[in-house]
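Line by line, the protein sequences give chains A and B.
First residue of the first sequence? That's 1 in full-length UniProt numbering, and the numbers climb one at a time after it.
First residue of the second sequence? That's 1 in full-length UniProt numbering, and the numbers climb one at a time after it.
None of these hints come from the bench; they were simulated from the model.
Treat the hints with caution; some may be incorrect.
The calculated EDC-like cross-link candidates involving lysine to aspartate or glutamate, where the alpha carbons are at most 20 angstroms apart (straight line), are [said to hold, decoys possible]:
1) B/K395 <-> A/D55
2) B/K93 <-> B/E240
3) B/K395 <-> A/D173
4) A/K56 <-> B/D400
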Amino acid sequence: MIRLSQLTKTYGSGSLAVPVLRGIDLEIGDGEFVAIMGPSGSGKSTLMNIIGFLDKQTGGTYSLNGEDVKQANEKQLAGLRNKHIGFVFQQFFLLPRLNAQKNVETPLLYAGISKKERTARALGLLNKVGLKDRTGHLPSELSGGQKQRVAIARALVNQPTVILADEPTGALDSKTGAQIMDLLTELNREGKTVIIVTHEEEIAAYTDRIIVLRDGLIVEDRKVTS
Amino acid sequence: MNLWESFTLALSSIWNHKIRSILTMLGIIIGVSAVIIVVAIGDGARQQMADDLFSTDENAIPLYFEQTTYEENGEMMWVEPPAVTGEQLDAVKEVAGVKYVLGTNSGWGTMNHNEHTADMEIIGVDNQYFIAKDLTLLEGRRLNTRDNDSYSRVAMIDSLTRENMFAPDEEAVGAIIDINDNPYKVVGVYESTLPPEFRHMEEFSNGQMLMPRTLISMMFGSPEIDTINVIAEQPDNLTETGFAAAEKLTELTGSEEGMYVAEDMSAYVEEFDSFYMTITLFISSIAGISLLVGGIGVMNIMLVSVTERTREIGLRKALGATRGQILRQFLIESVTLTSLGGLIGIGFAALVTAVLALVLPFSPIINPVVVIIGILFSSMIGIVFGILPANKASKLSPIDALRYE
C-alpha cells in the first residue's frame with residue numbers, strides 16, 4: 001500500500017527554487033494496475049523517482065505499507081529499492097557483459113542471497129517470461145522485446161512490493177510493446193502492484209486506473225472501464 | 001555481494017579491457033620486478049662473495065702478525081714476525097673452541113716429469129693438515145710426522161697434477177719427479193681442492209703439491225711456519241675463536257713490537273653489505289617512483305572507468321546497491337588491477353633472474369620477503385589510488401547516472 005499526502009518536491013532553493021511536485025495526495029492499494037500520465041514537465045518522472053526511492057521528497061509524507069519512509073538515509077533507501085521496488089526502464093538497462101541469467105540475478109547479489117537460490121530464482125523467472133532458451137545469451141544477442149522481458153524478470157526476482165515501469169514500451173515496436181503489456185497485465189492478475197509511467201493513451205488503456213499529472217498536481221484520477 | 005563475487009566481477013572487467021589493463025599495470029610491473037631483480041642480484045652476489053671468502057674452509061680463519069711499533073729513534077721500522085714453532089701451535093690448539101691450528105709455509109717450484117714442465121705451488125704442511133682440511137686420499141699415503149722430523153724428500157701430488165703430468169696407466173706413487181732440478185718421491189695422490197675458477201688460471205692449471213713444511217723451509221730458506229690458520233669447532237664462533245687464538249699466540253711468542261690478530265672475514269661482507277644497501281636504496285627509490293606513477297595511472301584509468309560506467313552504477317544503485325557496495329566494487333577492481341600487476345611483476349622478475357643466472361657468474365637469489373612486500377605494496381597502491389575513483393562512483397546519484405548518455 002502506497003500512501004502519499006501533500007507530497008512536494010522542489011529543486012534548488014531561494015529565488016531559484018523550482019517546484020516540481022506541489023502537493024500530491026495519492027493512495028495506491030496492493031494489486032492495483034495504475035498508469036501515471038502527463039505531458040513532459042508535469043512531474044510524473046519525479047513522482048516515479050520518489051515512489052521508487054531514487055529521490056526524496058521535499059515536503060509531505062510517503063508511507064509504504066504503513067511505514068513513513070521520510071527518515072530513511074541513503075543506505076536504507078538502497079535497501080528499500082532492493083526489497084520493495086522492481087524497476088523496468090524504457091532503455092532496458094541490462095548490464096551488457098552479463099548474460100540474461102546474471103542480469104536477472106543482480107538484485108539478489110545486493111540482497112545477499114546465496115548463489116544456489118539466485119540461480120534457481122533467475123532461471124524460474126526467465127522461464128516465466130518465456131526466455132527459457134535464452135538464459136545464457138548476452139543482451140547484445142537478444143531482441144528488444146527479449147531484453148525487456150529479461151528486465152521484467154529482473155524486476156520480479158526480489159519479489160518486490162511494486163513494479164515500477166517507466167515507458168516500458170517506448171523503445172519497442174507496437175507488436176512487441178503489446179506483448180510486453182500483456183506480460184505486465186498477467187503479472188498484475190497474479191496480484192502484483194504495477195505502476196506504469198507513460199504518455200501513450202494506448203498503453204494506459206491496459207491498466208485499471210489512470211492518474212494524470214499537470215504542473216505538479218494530480219488533475220485527473222479515473223478508473224478505466226473496459 | 002560477497003568478496004569473491006566482487007573479485008570475479010573485477011577480474012571480468014579487467015579482462016574485458018585487456019590492453020588498457022596491461023598498460024595501466026605496466027608501472028606496477030616495472031616497479032615490483034625492478035626491486036625483486038635488484039635485490040636478487042645483490043643477494044646472489046653477496047652469497048657468492050661469502051662462498052668465495054669462506055669456501056676453502058668455512059670454519060677456518062687466518063692469523064697474521066701485525067706490528068704495533070712503526071718507529072724507532074725517528075726512523076721507520078720493519079718488525080719481522082717472530083718464528084712460530086709447532087709446539088706453540090699445539091699450545092694454541094688448547095684454546096677453547098679451537099679444533100685445529102694449521103701452520104704451513106709454501107713456495108713455487110718448477111716441476112719436471114715425463115717431459116712436462118709446470119710451475120706449481122707447493123704447500124708445506126704437517127701431519128695434521130690432511131685431516132684438518134678433510135682432504136681425500138686417492139692413492140698412496142699421507143705425509144706423517146716422520147716425514148717432517150727427518151726432512152724426507154717426499155711429495156703428495158693432487159689429482160690435477162696426476163692427470164696432466166702423468167700418463168693414465170703410469171704408477172704415480174713411488175715415481176720420482178724433478179722439482180727445481182732436484183729429485184723427490186711421490187708418496188700419495190689426493191683429490192684437488194682448487195676451486196673451479198682457479199683451475200682456469202695458468203699457474204694453477206696443473207694443480208698443487210704438498211710437502212713436509214720442514215723440507216720447504218730448507219728448500220726455499222723460508223720460516224717453517226709462515227701462514228697460520230685456526231679452524232674452529234663451531235663456524236658461528238669463528239671470529240671470536242680466531243681472536244682468542246691470536247691472543248694466545250701473541251702471549252706465547254712474547255713479541256713486544258707486534259701482535260697476532262685474526263683476519264675478520266665478516267668485515268668484507270659487511271663492507272659489501274653497506275655498499276650494496278646504497279645501491280638497493282637507490283634502485284628502490286626509482287622503483288618507488290615507478291610505482292607512484294603506476295598508481296596515478298591506475299587512478300586515472302579508474303576515473304575513466306567510473307565515467308564510462310556511470311549508467312551501470314546508476315542501474316546497480318536502482319537495483320539496490322548501497323554506496324558501500326559500489327565503493328567496494330570499484331576498490332576491489334583497482335586492488336585487483338594493481339595486485340595482478342604485482343604478480344606479473346614477480347613472474348617477470350623470476351624470468352629475468354632465471355636468464356641472469358645463465359649469464360652472470362653467480363645465481364641471483366629471489367628473496368621471498370621482497371616478493372611478499374611487493375604483493376602487499378602493489379595491493380596498497382590499489383587501495384590508495386582506488387579510493388578517489390571508487391568514492392566518486394559511490395556518490396553518483398542514481399537518477400542522474402541513469403539519465404547519463
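Hints, one by one, checked against the model:
1. With a CA separation close to 14 angstroms, the supplied pair B/K395 and A/D55 stays within the 20 angstroms bound.
2. Between B/K93 and B/E240 the CA atoms are separated by roughly 14 angstroms; this keeps the pair inside 20 angstroms, and the hint holds.
3. Our distance criterion of 20 angstroms between C-alpha atoms is broken by B/K395 and A/D173, whose separation comes to about 36 angstroms.
4. For the given pair, A/K56 sits about 14 angstroms from B/D400 by alpha-carbon distance, which is consistent with the 20 angstroms threshold.
The structure fails to meet hint 3 from the earlier list, while all remaining hints are met.
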